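These protein sequence lines map, in sequence, to chains G and Z. So for the first sequence, my numbering puts the first residue at 1; every next one is plus one. So for the second sequence, my numbering puts the first residue at 1; every next one is plus one.
A portion of the hints provided could be inaccurate.
Take a look, some chain G residues computed to stay more than 12 Å from chain Z by CB distance [what the hints assert, rightly or not]: (1) Asp19; (2) Ala42; (3) Val52; (4) Asp108; (5) Pro110; (6) Lys141; (7) Glu145; (8) Met146; (9) Met170; (10) Arg172; (11) Tyr176; (12) Ala177; (13) Ala243.
As a list, the in silico DSSO-like pairs of lysine-lysine whose alpha-carbon atoms are at most 27 Å apart [claimed, not checked]: (14) Lys287/Z - Lys372/G; (15) Lys287/Z - Lys255/G; (16) Lys287/Z - Lys139/G; (17) Lys321/G - Lys397/G; (18) Lys366/G - Lys25/Z; (19) Lys25/Z - Lys287/Z.
Label-pair ranges, simulated between beta-carbon atoms [what the hints assert, rightly or not]: (20) Gln15/G - Asp211/Z: 34 to 42 Å; (21) Arg369/G - Asp211/Z: 16 to 24 Å; (22) Asp212/Z - Thr29/G: 51 to 59 Å; (23) Lys201/Z - Gly256/G: 39 to 47 Å; (24) Ala376/G - Ala151/Z: 55 to 63 Å; (25) His392/G - Asp212/Z: 30 to 38 Å; (26) Arg192/G - Arg229/Z: 24 to 32 Å.
In short, the hints are calculated from the structure, not lab data. These numbers were taken from a predicted model, which means no experiment stands behind them. Glycine is no exception: its CB is placed at the ideal position from the N, C-alpha and C atoms.
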Amino acid sequence: MRILIENGTVIDPQQSLNDIRTVFIENNTIVQVLAPNELSNAPFSKEEADYVYNAQDQLICPGLVDIHVHFRDPGQEYKETIETGCKAATYGGFTDVCCMPNTLPINDQPEITKYMIEKARSVGMTRLHPVAAISPGSKGKGLTEMGLLLNAGACAFSDDGQPVSDPQLMRRAMEYARSFDALIISHCEDLRLAEGVMNEGSISTRMGLAGIPNAAESVMVMRDIALCELTGARLHIAHVSTAQSVEAIKFAKDKGLPVTAETAPHYFTLTDSAVLEYDTHAKMNPPLRTETDREAIRQALAEGVIDVIATDHAPHSGLEKMVPYDQAANGIIGLETSLALSLKLVHDRMLSLSQLIEKMSINPAKIMRMPKKIIASGYPADLTIFDLSMKHTISSKLFQSKSRNTPFDGWTCRGKVMQTIINGQLCL
Amino acid sequence: MDHFHQKHILDMTSLSRQEIDYIIKTAETLKEISERPIKKVPMLRGKSIVHFFHEPSTRTRTSFEIAAKRMSADTFSISASTSSMTKGETLLDTVNTLQAMNPDIIVMRHSASGAPHFVSRHLNASIINAGDGMHAHPTQSLLDMMTVREALGKINGLKVSIIGDIFHSRVARSNIIGFTKMGATVTVAAPCTMIPHGIDKLGARVAKTLDDAVSNADIVMALRIQKERQSNFFFPTEREYAYFYGLTYERLKSMNNNAFIMHPGPINRGVELSSDIADCSESLIMKQVTNGVAIRMALLYLLMGGTRNAHSN
């Protein structure tokens, strides 16, 4: 299979490239990337290509990577399956996703890890990299077989929404992970402080809802940074939502600790005022914070304190959201809205396009030790093609995801995924 | 070296290179006694030795008992479960009571690091540390060095690799100090949870992988993995430990064709060592046990005055 992509602008931060290029793909590999004046060196002509994609006025970037999604498979397939999840990812422009272990059963065994990878492979779209649990059943009582899980294909370890409370277990988990140079992802939440349903502040008070203070997150960020310093293990802080967490992460990075961090589009797009109508689609964990926090997150992205944008794609069926706010499930889906919402940062001039691609492709791939995301000959043909400015209205009815729980339904955005190329295959 | 001046054997740090050498040489001479048809000499006749074991032990305790009896000493055993310590007596009161009965040597094992040092400051008898907490096991280290010297003719310049739970191991600590003192280089390998902070300052190199530790070693010493460490999160399962750090004969041969295998016992077969390796011709494990008696005979003999005393008999 030979694919020729012409007339598009290639954005590749690792080569400081932002220019018109023709990309030649043969089978699963990029074989040549040529400027308009170099086309005499083309490895094959347009006529010899099996498919010619005209990327006129479109941007071509290294394949996007979302390192924080929930696919509910095995166990809660009524919310999402690996098939629908991978399709949603592909439509969102993602060539790779990392799937959290809170399935039923929890991904704490090599056999479950293998099942997830195999199932995604059979779908043949976005690649799935399972994150395995830190403790069996994410119960916080011991360590999983990290070495055997890594051999089975696990990319990192996290107990995600059932975070490790016992600091001794977290210490040992980080030490043990260091034996394999493995990454620990921490969902930073003190479960006692977080006994609420939305951000603690004037809005929660007015609405009569139990609040979750910023400290519920930042105390654990600070604990895990201290443990990172003690153990030397690689630590990644998931879905940062508060200004205090940003300060702590900046402190850790200034110290040279191996700490990285992500945030989700909703934390730099929305604030707790989105909850005002008791909208259960604005309920997630960590909760939407105040304007001060939102601004701190945007600044942290611009300054590089936050390395990654990840969606925390958390599908829930209508059953779990069409209930009183208190009782609603936490989480929103994000795969099919992520790029459009994140491009707002570029349109707002908070980030350059290169910086955005770094946070959605280059950095997450580096943190997960995936093959280098670069548009150059000899590298895997994993590309995302998008239109930077096309106006379109988000319609959850059109989602590939099995769930519809998004607060962004009906929003008009600029920017749209046009094509996702995974392993040399045009997937849209 | 004319005389042996140590009053106690508490750890490897307080023994000099010359003293270690002298102890091993003495043990090599005394080893022959255990091969005689009548395994008894009168060297320690009239001496009283108390074996005070506050922690379970089979091989160390039996080894000391046999060593003392082969040299005609009178031995007495006290274990934690049968002593008045179960009635709430403090350690100091127990050993003072023992002291009042005038023993010459107290061989002591205790779960608290430093307990023999504490006792030695309050008693007239000589103390031999038969293992204290995670701190030291000097007689094990001495018998290990004797076994290595017997197998390879020297210790100086050898590469010794210790695999396993270094964190909890008094054998590892004593061997790192002992072997390094005698001119060997010691490498350790284990999951990072089992490598204690600052072990490099004791003289050990920390290997990144099992292969890195084993491929150039002259001696590979495996340590027992204790299942109860699982509950304190030091490792996930025996299956995983065996997969990444367990030695099988095939695996050893693929990494290193010349290394000898040692283990302080007891072995968890199928975890740190497979059966085919524990019983292979490169295994020195049974020789360690045999030499253990000789080393302990040598220590009892030297602490009681050595040649001076023997001549006066």
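So, going through the hints one by one against the coordinates:
1. Asp19: holds (43 Å)
2. Ala42: holds (46 Å)
3. Val52: holds (49 Å)
4. Asp108: violated (10 Å)
5. Pro110: The claim breaks: proline 110/G does not keep its Cβ more than 12 Å from every Cβ of chain Z (closest is about 10 Å).
6. Lys141: violated (8 Å)
7. Glu145: Answer for glutamate 145/G: violated, closest chain Z Cβ roughly 4 Å.
8. Met146: violated (7 Å)
9. Met170: At about 9 Å from chain Z, methionine 170/G fails to clear the 12 Å cut-off, so the statement is violated.
10. Arg172: violated (4 Å)
11. Tyr176: Non-interface label fails for tyrosine 176/G: nearest chain Z Cβ at 5 Å, not farther than 12 Å.
12. Ala177: Given that some Cβ of chain Z is not farther than 12 Å from that of alanine 177/G, nearest at about 8 Å, it is violated.
13. Ala243: holds (33 Å)
14. Lys287/Z - Lys372/G: Violated. Lysine 287/Z to lysine 372/G sits at ~53 Å, over the 27 Å cutoff.
15. Lys287/Z - Lys255/G: Status violated; Cα separation ~51 Å.
16. Lys287/Z - Lys139/G: violated (45 Å)
17. Lys321/G - Lys397/G: Since the Cα atoms of lysine 321/G and lysine 397/G sit roughly 16 Å apart, the hinted pair holds (cutoff 27 Å).
18. Lys366/G - Lys25/Z: Violated, at roughly 58 Å.
19. Lys25/Z - Lys287/Z: holds (16 Å)
20. Gln15/G - Asp211/Z: 34 to 42 Å: holds (37 Å)
21. Arg369/G - Asp211/Z: 16 to 24 Å: holds (21 Å)
22. Asp212/Z - Thr29/G: 51 to 59 Å: violated (34 Å)
23. Lys201/Z - Gly256/G: 39 to 47 Å: violated (22 Å)
24. Ala376/G - Ala151/Z: 55 to 63 Å: At roughly 56 Å between Cβ atoms, alanine 151/Z and alanine 376/G fall inside 55 to 63 Å, so the hint holds.
25. His392/G - Asp212/Z: 30 to 38 Å: 55 Å Cβ-Cβ, so the 30 to 38 Å window is violated.
26. Arg192/G - Arg229/Z: 24 to 32 Å: holds (29 Å)
Checked against the numbered hints above, the structure breaks hints 4, 5, 6, 7, 8, 9, 10, 11, 12, 14, 15, 16, 18, 22, 23 and 25 and satisfies the rest.
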